[in-house]
Amino acid sequence: DAGVTQSPTHLIKTRGQQVTLRCSPISGHKSVSWYQQVLGQGPQFIFQYYEKEERGRGNFPDRFSARQFPNYSSELNVNALLLGDSALYLCASSPETGAYNEQFFGPGTRLTVL
Amino acid sequence: LAKTTQPISMDSYEGQEVNITCSHNNIATNDYITWYQQFPSQGPRFIIQGYKTKVTNEVASLFIPADRKSSTLSLPRVSLSDTAVYYCLVGDIGGSQGNLIFGKGTKLSVKP
Numbered sequence: 001d002a003g004v005t006q007s008p009t010h011l012i013k014t015r016g017q018q019v020t021l022r023c024s025p026i027s028g029h030k031s032v033s034w035y036q037q038v039l040g041q042g043p044q045f046i047f048q049y050y051e052k053e054e055r056g057r058g059n060f061p062d063r064f065s066a067r068q069f070p071n072y073s074s075e076l077n078v079n080a081l082l083l084g085d086s087a088l089y090l091c092a093s094s095p096e097t098g099a100y101n102e103q104f105f106g107p108g109t110r111l112t113v114l
Numbered sequence: 001l002a003k004t005t006q007p008i009s010m011d012s013y014e015g016q017e018v019n020i021t022c023s024h025n026n027i028a029t030n031d032y033i034t035w036y037q038q039f040p041s042q043g044p045r046f047i048i049q050g051y052k053t054k055v056t057n058e059v060a061s062l063f064i065p066a067d068r069k070s071s072t073l074s075l076p077r078v079s080l081s082d083t084a085v086y087y088c089l090v091g092d093i094g095g096s097q098g099n100l101i102f103g104k105g106t107k108l109s110v111k112p
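These protein sequence lines are chains A and B, in that order. Going letter by letter, the first sequence gives residues 1 to 114 in the numbering used here. Going letter by letter, the second sequence gives residues 1 to 112 in the numbering used here.
All clues stand as given, with none of them false.
Listed next, the in silico SDA-like pairs over lysine to any residue satisfying Cα-Cα at most 20 Å (straight line):
#	chain 1	residue 1	chain 2	residue 2
1	A	Lys-30	B	Gly-94
2	B	Lys-3	A	Gly-98
3	B	Lys-111	B	Glu-17
4	B	Lys-104	A	Leu-88
5	B	Lys-3	B	Asn-26
6	B	Lys-69	B	Thr-21
7	B	Lys-3	A	Gln-44
Over 10 Å on every C-beta distance to chain B, these chain A residues come out as not near it, computed from the model:
#	residue
8	Ala-2
9	Ser-7
10	Pro-8
11	Gln-17
12	Arg-22
13	Asp-62
14	Phe-64
15	Phe-69
16	Ser-73
17	Asn-79
18	Ser-86
19	Pro-95
20	Thr-112
Worth flagging that the hints you see were computed from the coordinates, not collected in a lab. In this text, a Cβ means the ideal position worked out from N, Cα and C, and glycines have one as well.
Throw the hints in and build the complete structure from the sequences for me.
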């Protein structure tokens with residue numbers, strides 16, 4: 001079975017641009033969470049969606065938004081990019097909503113903002 | 001949520017057993033202890049989870065004393081491929097919260 005997939009793998013943008021990152025969860029998983037990981041730090045929670053509804057939001061500005069589709073795939077959008085948005089963006093899926101059940105992470109999208 | 005404290009880095013040699021200890025003094029009754037492994041430029045991978053005493057799987061063992069204020073991840077006979085960052089997390093698996101809280105983790109370097 002395929003694991004969590006994310007696209008694109010790498011992305012280079014300039015300040016002020018907008019970006020959309022995509023995630024496909026493991027088949028049957030209804031929960032998708034997004035994390036941002038800057039170099040040298042652990043992942044930081046951005047959003048969780050379960051059954052197409054937002055279930056949690058981390059301490060990120062309104063420039064960050066997300067949605068989940070009927071097939072449980074998800075998109076993360078970031079507007080008005082800043083240099084500090086450069087990071088590895090991780091998507092994780094799980095069958096249910098509880099975060100401390102096993103989460104399955106994708107390989108991430110490496111975003112570089114110039 | 002219970003805060004965790006773990007060493008920033010550890011060094012080991014191939015074939016040795018590695019023990020990484022995590023402190024979680026404020027762990028709640030319903031909290032479980034979970035460890036993730038992360039290789040560079042990859043997403044974290046679940047290793048093991050436990051509530052009390054000892055848990056063992058094909059990858060590692062997790063030792064949790066009776067007071068549950070700490071836990072130790074044990075990796076038997078490490079190899080170069082075990083070089084990674086290891087995260088200790090504490091939280092309620094039955095809770096509805098959607099976020100894992102990661103610290104900086106322990107960077108394990110395995111040398112030949």
